[in-house]
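Chemist: Each chain, written out:
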Amino acid sequence: MSIRRAYAVNQWKPNFDDFCRPDAHLRAFKTVRAAGFRAVELRGGTGRWDPLGRPASIEATYGSLSTFAKVLADVGLDGVSSWSVDPGEPVDEELSHGRSVLDRGQHAAIVEWARPFAAALAELGGSRLVVRALPPAWQVGTVDDDAVDTAAACFDALGAATAEHGVRTTLHADVLSAAADADVLARLLAATDPALVGLTVDTGELTLAGLDAADVVRRHVDRVDHLQLKDTRFVDTAGERLRPHAEHAFLTAGGDREVERWFHEVGTRDGLVDAPAVLDVLRGNGYDGWVVFESEQTPNPASTVMLNGWYAKHRLGL
Amino acid sequence: MTYRWAYMDHWRVDTPRGPQTQYANRRLMDDFVKQISAVGFEGLDMFDFQVFGLSGMFGSIAKYQEYLQDHGIAKIVNLFRGIMYDPRVADAHVRETHDEIVESTRRMLGMWSDLQIENLIVMPASLWTTTAPVTDDKIKAAAECWTRVGEMSLTEFGVRTTGHHEFFCAIRTFDDIVRFYDLTDPRYVSFFCDTAQHCIAGVDPVELYERLHDRVSGFHFKDTVQQDTTSAYQHRPDAELMAPQTDRWFHEMGVEGGLVDFQRLVRAMDAHGYDGWVTVEHDKANIGGDYAESTALSMWYAQQVLGKVAS
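So the sequence lines, in the order shown, correspond to chains A and B. When we follow this note's numbering, the leftmost residue of the first sequence carries the number 1, and every step to the right adds one. When we follow this note's numbering, the leftmost residue of the second sequence carries the number 1, and every step to the right adds one.
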């Protein structure tokens, strides 16, 4: 096993009616493969307009998971590296408006919701269920020890369930998440079972939230089992990510500075992420998982795939 | 398959300042070079007139090539001569203009002499519309012209002169193309096979390659989904961009409904031991698409489909 690079396909689907047709998927997969990536990371979703959002949707679109796997194989990809999911998002198929890991009464439903993803990942060659660590900070407020223990109990149960399929549950702290905080993240990891729950470091998200991604990796290197690489030229110095409805006002609309694009290709000009340092730490610790590149907020996904591919090969040695 | 892939540059992107090429600034150039390198291109083809912009941007064309090498592109392989044909000044079928064509080509190649350019690509005759009727003597005159140019380019600059026959070129049919090469000196004039251009003109590029394989010095691998069924090659003033039949003649390799049989062509190239550069081109990709995706799809096809066909 060695470090392999994968690509997240989230950017191709900014809206419900984009990226629905298999021919559009095929063009994206070919683009990803041509730029040297070996697998794709899918994003959880719901409904008939999100055909790659959940296993049942893939089956409805492609006939079966194995048929979908063959499409990937025919393109030259090894499969699906990982699936990024958020327990807080609505699930039409389950008549759920979204669930919270901070509510013990919903833990069992969260575990059941996640099982099909883990099973499908196992069939598609994947090994990581990337789970949003905590809901948005502006909704959660102060994360006390009880909240940490509650969330940790859910993640341990989730980790045990996905492990049955050989899939690791790994926590992802995005810029809006209450877990995008050095203290909260450290307490959350300490409260979870290292045998069942790992950490996904998303370099762009953590940096925008004000954390040093390389420091996070150094601090939790034994827990890092998944890496998502993107860059940013900004830090949320004004704390806009903590304001109500930051999903729209900050992340989508650009915040007070009206920033047109928070995230960039790895190694972008004036980028704040030290991706080589992150890789150095991981390699030094024998990391052998996936490195997933992302293109969030790019105006041209294909172009960003190729720029990331160049950087991966020529600057990161991947 | 021992050939290497080069990229024929028609690139442009949408920017906050509107559509631009990478010759506009270094940032766009950085992005362009990284993108083509990322998908496996090792060489770059371009139009001869870019020497002016690149010298301004990098100080000299040699420094630009050093910059390419720093980013994973080995060299500039081929130059496409953007010659402006005019029977009063420069037109291959007009013998009185041959001196000017030779001299202007000498001046142009002198600007690139610091590099190791392999081919000077030319359309060997003017537009069909301005040349017709196409006679044997006009083809012979063109052959004389490019033999002179080819001798000069090879002996003085080490660059081969090679003919590229657009579907609207005066020398466009199978028989006329073969006649042209029969009349040129094989030491000095070679053939550059543009797959889509021949298909549009109703010429099978594989059959043409088989006939002229010992004269071939390169390829433009691009596809088309339609032949010229409306005599578009006669359309004035331009057949490539303004023909009523379609607004987009060219597509990337692997396009659905593509007429070029690339797998058959690669097998033929293997059979004849072709081991030079192969250039990917998909001009006009921005019409209903964009260059980045077309470039990636082309190289996906080259690697995953043609790479498995070739020996």
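Take these hints with a grain of salt, some might be off.
[To be verified] Cβ pair distances, simulated, as ranges:
1. A:G98 to B:D14: 45 to 55 angstroms
2. B:E256 to A:P14: 19 to 29 angstroms
3. B:D14 to A:G63: 49 to 59 angstroms
4. B:D261 to A:D74: 45 to 55 angstroms
5. B:E256 to A:E112: 40 to 50 angstroms
6. B:R264 to A:H245: 28 to 38 angstroms
7. A:R257 to B:E100: 56 to 66 angstroms
8. A:E258 to B:G307: 41 to 51 angstroms
9. B:D275 to A:D18: 39 to 49 angstroms
10. B:G307 to A:H245: 20 to 30 angstroms
11. B:G202 to A:R257: 55 to 65 angstroms
12. A:R283 to B:A24: 34 to 44 angstroms
13. A:D23 to B:E156: 33 to 43 angstroms
The hints are simulated quantities; they were obtained by calculation from the structure and are not laboratory data. All C-beta atoms in this analysis are idealised placements derived from N, C-alpha and C, irrespective of residue type, glycine included.
Chemist: For each hint, tell me whether it holds in the structure or not.
Modeler: Going down the list of hints, with the structure as the test:
Taking 45 to 55 angstroms as the suggested C-beta distance range, the pair G98 of chain A and D14 of chain B does not conform, at roughly 36 angstroms. Distance hint for E256 of chain B and P14 of chain A: a CB-CB separation of about 25 angstroms, consistent with the stated range 19 to 29 angstroms. In this structure the supplied range 49 to 59 angstroms is violated for D14 of chain B paired with G63 of chain A, their Cβ-Cβ distance being about 37 angstroms. Range check, D261 of chain B to D74 of chain A: Cβ separation about 20 angstroms, and the 45 to 55 angstroms hint is violated.
Restraint check, E256 of chain B to E112 of chain A: a C-beta distance of roughly 41 angstroms satisfies the suggested window 40 to 50 angstroms. For R264 of chain B paired with H245 of chain A, a C-beta distance near 59 angstroms fails the hint of 28 to 38 angstroms. The hinted range of 56 to 66 angstroms is satisfied by R257 of chain A and E100 of chain B, whose Cβ atoms lie roughly 58 angstroms apart. Between E258 of chain A and G307 of chain B, the C-beta spacing of about 46 angstroms keeps the proposed range 41 to 51 angstroms intact.
Range check, D275 of chain B to D18 of chain A: about 43 angstroms between beta-carbon atoms, so the 39 to 49 angstroms window is met. Hint check: G307 of chain B to H245 of chain A, Cβ distance near 50 angstroms, so the stated range 20 to 30 angstroms is violated. Checked against the hint of 55 to 65 angstroms, the pair G202 of chain B and R257 of chain A passes, with Cβ atoms roughly 58 angstroms apart. Between R283 of chain A and A24 of chain B the beta carbon distance is about 38 angstroms. The supplied range of 34 to 44 angstroms therefore holds.
Checking the proposed 33 to 43 angstroms range against D23 of chain A and E156 of chain B shows it is violated: the Cβ atoms sit about 51 angstroms from each other.
Hint violations for this structure: numbers 1, 3, 4, 6, 10, 13, all remaining hints satisfied.
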